[in-house]
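All chains should be modelled from the sequences, with the hints used to inform the complete structure.
Protein chains: 2
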Amino acid sequence: MIFYYALKTVSVASHITLEEVGADYEERPIDFGNAEQRSETYLGINPKGRVPALVTEGGILTETPAILLFLAQCFPESGMAPLSDPFALAKLQEFNAYLCATVHVAHAHRVRGARWVDDDAAIKAMQAKVPQTMGECFGLLEGEMFKGPWVMGEQYTICDPYLFTISNWLEGDGVDLVGFPPIAAHNQRMRERPAVTRVAAIHGV
Amino acid sequence: MIFYYALKTVSVASHITLEEVGADYEERPIDFGNAEQRSETYLGINPKGRVPALVTEGGILTETPAILLFLAQCFPESGMAPLSDPFALAKLQEFNAYLCATVHVAHAHRVRGARWVDDDAAIKAMQAKVPQTMGECFGLLEGEMFKGPWVMGEQYTICDPYLFTISNWLEGDGVDLVGFPPIAAHNQRMRERPAVTRVAAIHGV
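These protein sequence lines map, in sequence, to chains A and G. Each residue of the first sequence is one higher than the last, beginning at 16 in our numbering. Each residue of the second sequence is one higher than the last, beginning at 16 in our numbering.
Simulated from the structure, these hints should not be mistaken for lab results. Be aware that a few hints might be false.
Simulated pairs of lysine-lysine, DSS-like, Cα-Cα distance not exceeding 30 Å [to be verified]:
(1) K63/A <-> K144/G
(2) K144/G <-> K23/A
(3) K144/A <-> K63/G
(4) K63/A <-> K139/A
(5) K144/A <-> K23/A
(6) K144/G <-> K139/A
(7) K144/A <-> K144/G
(8) K139/G <-> K139/A
(9) K139/G <-> K63/A
(10) K63/A <-> K23/G
(11) K139/A <-> K63/G
(12) K63/A <-> K63/G
(13) K162/G <-> K63/A
(14) K63/G <-> K162/A
(15) K139/G <-> K144/A
(16) K144/A <-> K23/G
(17) K63/G <-> K23/A
(18) K63/G <-> K139/G
Right, here's the structure in full:
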């Protein structure tokens, strides 16, 4: 497999999971600083111009929740998803869908506002609300969704690298992770894992 | 099961899928006009204050991609997801993740701008860009993702009710569905299915 990623982006979640399951893959960094995600070559791999993208034997995959479940299903011995328990799998999917459609989106209003508006005043108005929206998201994650010690409880799953990835964005979003003790402790617990240590060093997170 | 939904919202996708798989369920409409999604009773079911929510024997589920895959997995004879083919399932998940995290979000900037900004000028700036962003999303869906006659090709899957649901929002978003002939034809093809006819009549879509 070939893994296209960009530093510190959501691709950290898939990167950690590739390491956790012991996948055989090549790393290909995409340089957002030079807008490489908009190059003709990369758009041929992912027409959305986003990361991550995973080139597999069957074809190319994008979208974090899809890549994570794919890896869990290709490497069932990793135990990273409760594949044969529909309700447990749905709770895992519910968590990941909330991260991708609500939490990541709230964060993106600070750094990618031009996706949704064209004028500078509106972009500033979006940025101003990010501490509030991200704080509310993490309040919900902590109060209603996170079980501990891992996201889904005793079993380490694909939700954990995903939460870790986004929790590292909080400081930049103007929210103190320390205000969410179970998630702050989860972030530290993640850093003790060899797969996370390796990927965190690559990304500088 | 008990299905909580609101008219014309994204809950249409889960509603159709419940019908398609032949699930035994009760319908409970939530009145957005009276902000019932923010009532104490409903927040006890879904603390996010959103729809849909599905009460199952195992517990409560939210988030459309999670509910759709749960139904496909509980009713495997429906054939609505390629459960044992990791790559095919990942392509299905990729499609649904794009709908929930990018397309639905683009649409929400017209009708739910207060999620991300507080001032009226910024809300108007968001609304102004929706025809462009939704047009770009449907261009990508048509050009890169939709196979035909169904989303994933010959097999009708959980992607189909989801695409149908969002394609019905296009007109309100200032985009003409006719500009995307394969998806306009898909919308008509969907309306020939008894499950869709019944749910479309309930929602008035």
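Agreement of K139/G and K63/A with the hint, judged by alpha carbon distance not exceeding 30 Å:
Answer holds: K139/G to K63/A is near 26 Å, not above 30 Å.
Agreement of K63/G and K162/A with the hint, judged by alpha carbon distance not exceeding 30 Å:
holds (17 Å)
Given the hinted pair K63/A and K144/G, is their Cα-Cα distance within 30 Å?
holds (18 Å)
What's the verdict on K63/G and K23/A, does the C-alpha distance respect the 30 Å limit or exceed it?
The given pair, whose Cα atoms are some 28 Å apart, holds under the 30 Å limit.
Does the structure keep K144/A and K144/G at a Cα separation of 30 Å or less?
holds (19 Å)
Straight-line alpha-carbon gap K63/A to K23/G, limit 30 Å
holds (28 Å)
Check whether the Cα positions of K144/A and K23/G lie no farther apart than 30 Å.
The given pair, whose Cα atoms are some 28 Å apart, holds under the 30 Å limit.
Pair hint K63/A and K63/G, alpha-carbon separation not exceeding 30 Å
holds (29 Å)
Straight-line alpha-carbon gap K144/G to K23/A, limit 30 Å
holds (28 Å)
Hinted pair K63/A and K139/A, Cα distance within 30 Å
holds (25 Å)
Regarding the pair K162/G and K63/A, is the alpha-carbon distance no greater than 30 Å?
holds (17 Å)
Measure nothing beyond the straight line between the CA atoms of K144/A and K23/A; if it is 30 Å or shorter, mark the hint as holding.
Status holds; Cα separation ~22 Å.
The structure meets every hint from the earlier list without exception.
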